[in-house]
Structure formats: C-alpha cells, structure tokens
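Asks: Read off the chains here:
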Amino acid sequence: MKKFAIEYLSGVIASLQQKGKVFAPVKEKDGFYFREIADPGDATLDFYNTVMSPKHLFFPQTEDMIKYRINKEGADSAPVPINSGPQILFGVRPPDVRSFELMDLLFEEGGIIDPYWVDKRKNTIVIGYAFDSVDPLDFYNTFDIHAADPRGSDIFLVRKDRTVLARAFTGKGEALLDGLAGLENASAADEKAFEDAVKKGPGLKTRKLDLNGVAKKLEAIFDAPYWQKASMACLNCGVCTFVCPTCSCFDICDETLFRDGRRCRTWDSCMFTNFTLEASGHNPRTRAFQRFRQRINHKFSYYVSKFGVTSCVGCGRCSRYCPVNIDIFSVVEKAKEV
Amino acid sequence: MTDMKEIEKRLREEAKKLLESGRVSVVLAYGKGCDERHPMPFAAMKPEEADEIVFNEYCTPNLARYLTKYPAGTKMAVAVKGCDSRAVVVLLQEGKVNREDIVILGIPAAGMKEQKTGKDVDASLTCGLANPVLYDVLLGQEIKGAAAESPYGIISKLDAMSGDERWEFWKKELARCIRCYACRKACPMCYCDPCFIDQTKPQWGDKTPTFDGNLMYHLTRFYHLAGRCVDCGECTRACPVDIPLNLFHKYMARECEEMFGQKAGMDPSQKPAMVDFKVEDSDTWLE
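From first to last, the protein sequence lines stand for chains A and B. Residues 11 to 348 (the numbering used here) make up the first sequence, in order. Residues 6 to 292 (the numbering used here) make up the second sequence, in order.
For the record, the hints were derived by calculation from the structure and aren't laboratory data. Cβ atoms here follow ideal geometry from the backbone N, Cα and C, with glycine treated the same way. Certain hints may be false.
Taking lysine to aspartate or glutamate pairs in the EDC-like style, the calculated list, with each CA pair at most 16 Å apart, reads [to be verified]:
1) A:K344 <-> B:D40
2) A:K39 <-> B:E62
3) B:K121 <-> B:E57
4) B:K74 <-> B:D106
5) B:K124 <-> A:D270
6) A:K132 <-> A:D145
7) A:K39 <-> B:D247
8) B:K37 <-> A:E343
9) A:K37 <-> B:D125
10) A:K239 <-> B:E53
11) A:K37 <-> B:D203
12) B:K121 <-> A:D40
13) A:K239 <-> B:E54
14) B:K121 <-> A:D74
15) B:K118 <-> B:E62
16) A:K130 <-> A:E111
17) B:K124 <-> B:E62
18) A:K239 <-> B:E178
19) A:K130 <-> A:D40
To list a few chain B residues with every Cβ distance to chain A over 12 Å, as calculated [unchecked claim]:
20) K21
21) G116
22) K190
23) T215
24) A278
25) V284
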C-alpha cells in the first residue's frame, strides 16, 4: 500500500502521465468533469461527484468509425483504427466503478462484442475513490454498493485528513502502484486506517429501495395509468440519459463537410421523439409517457430479464440534474404500490 | 409580502374551486418532489388532487411551458410568477392558447431560491419582475417597491469585450453543450414540433455535439427567440453543464427593446415585435 499528501496530488498525476493518458476530475464553472489532464495541477480530489458520469471514457459521446472522401465514382473510405493506448481513470466513485461492470455485460458479455468499448476497457486502469459524505439524492445502497466499496477498482483511494491512502486490488493496479514515482510507503497504521475506512463504508447510508419483485411488477403495470401521472412533469429532454453512467443507446450518423465525411456513433436518448422514428414514418413511442416508461422499464425490468441485474447504480445524477426534479428512486418506489 | 404558505393555501383553494366547478380540467401548479428543495411541476385534474399542490421558494420552473403540451381548447388554469406570466402573454399573442381557455393564477413572488445551489435567485439573471403582468386571480399582495436592477445590467461584461473576445467567450461556452436539449424543452416559447434541429429532410445541423452543430443549434434557437424570449432564465437553469444561454437572449431582448420599444410579453394587446410592422420602425440595422 502507498500514500501521498493531498498537496502532492499534482505530482502523483504527473507520474501517472508517464504511464498513459490520465483522466481525472477537473473543476469547470459550477461542476466537476472527468477530463484528459494536460496540466497536472488541474486534477482535483475535492469534489463530491462529477456532472457527467465517467462512461464517456469508454463510450465517448461521439466516436468516429469510418472516414470517407466522396469522389466521382463513389467514395474512398477507411475504418478508423481502434487503439486507445494505455489510459488511467483517476478518482472514480464506487457506484460509477460498478457502472462499468454493468456496461461490460452489454458491450462485451452479451453475445455481441463492441470492439470500441472493449479496447478502452482493456487499456484502462480504474482508480476508485471512497466517498466521505452522502448526497440526499444518491441511492447506491439499493444495489449493495457502499461509500467505500473497492470492488471493481484496480486501485482504490481513501482520504484520511490530508493524506490519500492507495491500495491495489488487481495485478495491473499493483504493477502501476509499485512503479509509480513519488509515493510514500504506507505504515501499518495506514493499512489499518484504510481497512477501517472500507469497513465503515456501509455506515454512510444512502436511500435504499427493496427491488424484490420490481422487475415483474413493472411488466405487470405496463398499461397502468400510473405512467401518465408519473411522467406529467417530464419535459422529454435528454439530461437524465446523458448524465447516466449506464445509459448506452447510440445512433450512427454520417456527417459530411464538402467532400470529406465521417461515419460516427453518437449518444442517443430514449427520451427523444426521433429515437424510435422508423424509416416508414411510423413511430411506436410518440407519447411522452411511453418514452418515460421505457427509460424506467429498461433499467429496472428489461435489463434484469436479459442480464439478471438492474441497470442502475444509484449515483443520483438523473435526479440531481433533471430540470423538473423527476426522481427515478421515487418513480420506482411508487410503481411498487400501483 | 404574502407568506409562501399563504400562497400555497390560496393556490389549493382556487384549484379546488376551478376543478369542482368544471371551469377547467387541468390546473398547472407545483407538487411535492422527493424533498422540499425539489418540488415538481404538477397538473391537478381532480378536485381532491388540489391538496397535493405545494408552493415554496424552490418552485422556480416556468409552468407556461406545459400549456402547449395539452390539446388546443383544453380548459386550463396555470400558476404564474412574474416572468412566467409574460410567457403566457406571448403564447396568447401567438395564438397558441386562447384567453377564454385559460385561468391565470398570479403569484407575486420574491425571495425565490435556486434548487441546485440553495442560493437566492439572482434577479439580474431573470426579467426581475416580482408581479405577474396578466392574471385573473392574484394569490397574494402585490409586491410594491422599485423594480430590480436593469435586466440588461449583467451583459455589460460582454459589452466591454471586443468582438473577438466575445466570439471566444461564446465559442468556449457552446463547445461544452452536450445536446440534451434541456434548454429548448424547458423553454415556454419552444413549442415547435418538430424543432428544426430534429428535422432529417433536410438535416439542418449535425446531431453530434461538435462545435459546428452546437453553433447551428444554439444560434438558430437564439434567433427563433428574438423578440419572444421573456427572460425567465429557464434554459440556463435547465442546462446541466451551466451554459449561460440567457446572456445571449438578453442581448436579443435589448436589441428588440432598443429598436422597437417593446419587451416580449408585457402587453397582451400588442402584436409581437417580429410580426408587426410600423412605418416608424427602426431601420438602423440597414446602415
């Protein structure tokens, strides 16, 4: 185990940069975002959680797949090589770390392999970071994730006053930590402090929902008038799906400027009317409540029947950034009583 | 100033009365969210639902947004604060709602707070009106006293910049857009269906959040709102990545006021500036 003083954070980031591209929380205006670090001084650990989830490190909002150039006969095209190179994702909160595993099910283990996701996942070292407070909108305890849950992280960080304790949990985490310049060796007391902090994680309580029977219940109430009522305030913007760490829907677009173009995939949202618009002109989900229901059911019912887990980690972002305060926790909680 | 609890009580009473008498079938107000700081827009449709209405300092959303979500001809009541009432006026002027179909429940509001930060709403970021400009019932004492500072004061910082600096400022801000469209969806004036940016034949702008597409989307939206934006600040409040969209809207509003002597949504008897022509209209833009 290693440790460093929080004042020395930029030094640690600088030595991480020797090992690959580093993505860490950066303060921008009112919020924090995972950004690729150019100046090590930009990275911070003084944040609660980022506005956007870190999923864009593996699944960027826009990703080029093919580049083409239109000529007289047709077009010359070439696939964009998939090769991200080593990268380090620094300071990820436990529910977000869990979200990567849920997305692996879809992009890697579900039968269809998404090479873009797999490449970046394989090349990335995830450094998790324990929470030391609770936002009232979070509910990750629902999914058996706790505030200092190191599962899924290659290296996990715990804050102890002005010191950051770092322990490796996987082979690649250990290799990185051992070879990192500028870190101090942790003492036996530090080891104990780390273990105590992890043990105390479950003591920080978030909201918690009993999900027993929810997946079946949602199927059963598909046609209930509940959905019109629950979605009454919904504006059908895409904030919830874009800040969500487990929303994975995308569209594939061709964008051409003069003769040069790209075929890229870009995030789409089930909240948008065009999401289900078919080439024939038919749209199976024209109503706002249908799209709203789809978002809840996909996460809490369809994903469960497909992969056996709920596609939500309780990070609270969709509730926190919803312009009209639709709270997915309350929506599911009330659906249970329908 | 009327206490918020008193406004809430009167809002419930009015809603119950209107729904019981059948004067309206929907009352657009605020309801309980997951906690006090997160109230939600709420549509009461039965008299007994009137008791679910809440009003507190966090009830910022502009409910005029929901008027155009119901089929034309629906009898509706809507609770409005200062800026919100201006949005209702624009919708009336533009023929999106009929005056006889709606009952306007006016709320004189001061001391509203931002949900995200818990801080007082910065009056310089909104239109600054405390009292609604149009209402059928006023649910509290009219707030007397000087109006807040000029709604355009806040853009003096941008005025002081050179053209290049201002371009840099907007380039940086708009590059951060994630195209979630919360701004247009929260905007009471954005009722187009489909919105130009969602059209695919032709496709006016790229779907990806690259700078060119973002610029296309935002500049077009800014121009579509010229002379129509009521400065409620909802677009900025809804933006998850804090882009100060309302600063641009304020620019447009100031231009409109300087050229045509008209502020959007202040007077239901007026024609909107962009659809009216007067011989004496300013033609400075030609020079």
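Asks: If a hint holds in the structure, say so; if it doesn't, say that too.
Replies: Hints, one by one, checked against the model:
no.: 1; hint: A:K344 <-> B:D40; in the structure: holds (15 Å)
no.: 2; hint: A:K39 <-> B:E62; in the structure: violated (24 Å)
no.: 3; hint: B:K121 <-> B:E57; in the structure: violated (23 Å)
no.: 4; hint: B:K74 <-> B:D106; in the structure: holds (14 Å)
no.: 5; hint: B:K124 <-> A:D270; in the structure: violated (48 Å)
no.: 6; hint: A:K132 <-> A:D145; in the structure: violated (31 Å)
no.: 7; hint: A:K39 <-> B:D247; in the structure: holds (7 Å)
no.: 8; hint: B:K37 <-> A:E343; in the structure: holds (15 Å)
no.: 9; hint: A:K37 <-> B:D125; in the structure: violated (23 Å)
no.: 10; hint: A:K239 <-> B:E53; in the structure: holds (15 Å)
no.: 11; hint: A:K37 <-> B:D203; in the structure: violated (32 Å)
no.: 12; hint: B:K121 <-> A:D40; in the structure: holds (10 Å)
no.: 13; hint: A:K239 <-> B:E54; in the structure: holds (12 Å)
no.: 14; hint: B:K121 <-> A:D74; in the structure: violated (35 Å)
no.: 15; hint: B:K118 <-> B:E62; in the structure: holds (5 Å)
no.: 16; hint: A:K130 <-> A:E111; in the structure: holds (13 Å)
no.: 17; hint: B:K124 <-> B:E62; in the structure: holds (10 Å)
no.: 18; hint: A:K239 <-> B:E178; in the structure: violated (36 Å)
no.: 19; hint: A:K130 <-> A:D40; in the structure: violated (29 Å)
no.: 20; hint: K21; in the structure: holds (18 Å)
no.: 21; hint: G116; in the structure: holds (20 Å)
no.: 22; hint: K190; in the structure: violated (4 Å)
no.: 23; hint: T215; in the structure: violated (7 Å)
no.: 24; hint: A278; in the structure: holds (27 Å)
no.: 25; hint: V284; in the structure: holds (41 Å)
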